[in-house]
Amino acid sequence: MNPLYHVVEASRLLAGGVIWDGKVLLAFAVTGSLLAITLVWATNVYKKAVA
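Mapping to my numbering: the sequence shown position 31 is 605, numbers consecutive.
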């Protein structure tokens, strides 16, 4: 399943005025996980490029 699906669904809920929903919290968790993975990857690539 596409992890960004959860982010899109949460965006729809937030646009509708729903803040405290499980889908919104799941979307924040998915986004945070993708952020952490991307940050580690980008840091490693940058270290190799500079070295």
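It cannot be assumed that every hint is accurate.
Unchecked claim - Using C-beta positions, here's what the derived DEER-type ranges look like:
#1 A610 <-> M575: 18 to 24 Å
#2 A625 <-> I593: 42 to 48 Å
#3 A625 <-> W594: 43 to 49 Å
#4 L588 <-> T617: 16 to 22 Å
#5 Y620 <-> D595: 20 to 26 Å
No wet-lab data here; the hints were simulated from the structure. Using N, Cα and C, we set each Cβ at its ideal position, and we do this for glycine too.
A quick look at each hint next to the structure:
A hinted range of 18 to 24 Å for the beta carbons of A610 and M575 is consistent with their spacing of about 19 Å. Against the hinted window of 42 to 48 Å, the Cβ-Cβ separation of A625 and I593 comes to about 45 Å, which satisfies the hint. Distance hint check: the CB atoms of A625 and W594 are about 46 Å apart, consistent with the given range 43 to 49 Å. Evaluation of the 16 to 22 Å hint for L588 and T617 yields a failure: the beta carbon distance comes to about 30 Å.
Look at Y620 against D595: about 37 Å separates their beta carbons, and that is not inside 20 to 26 Å.
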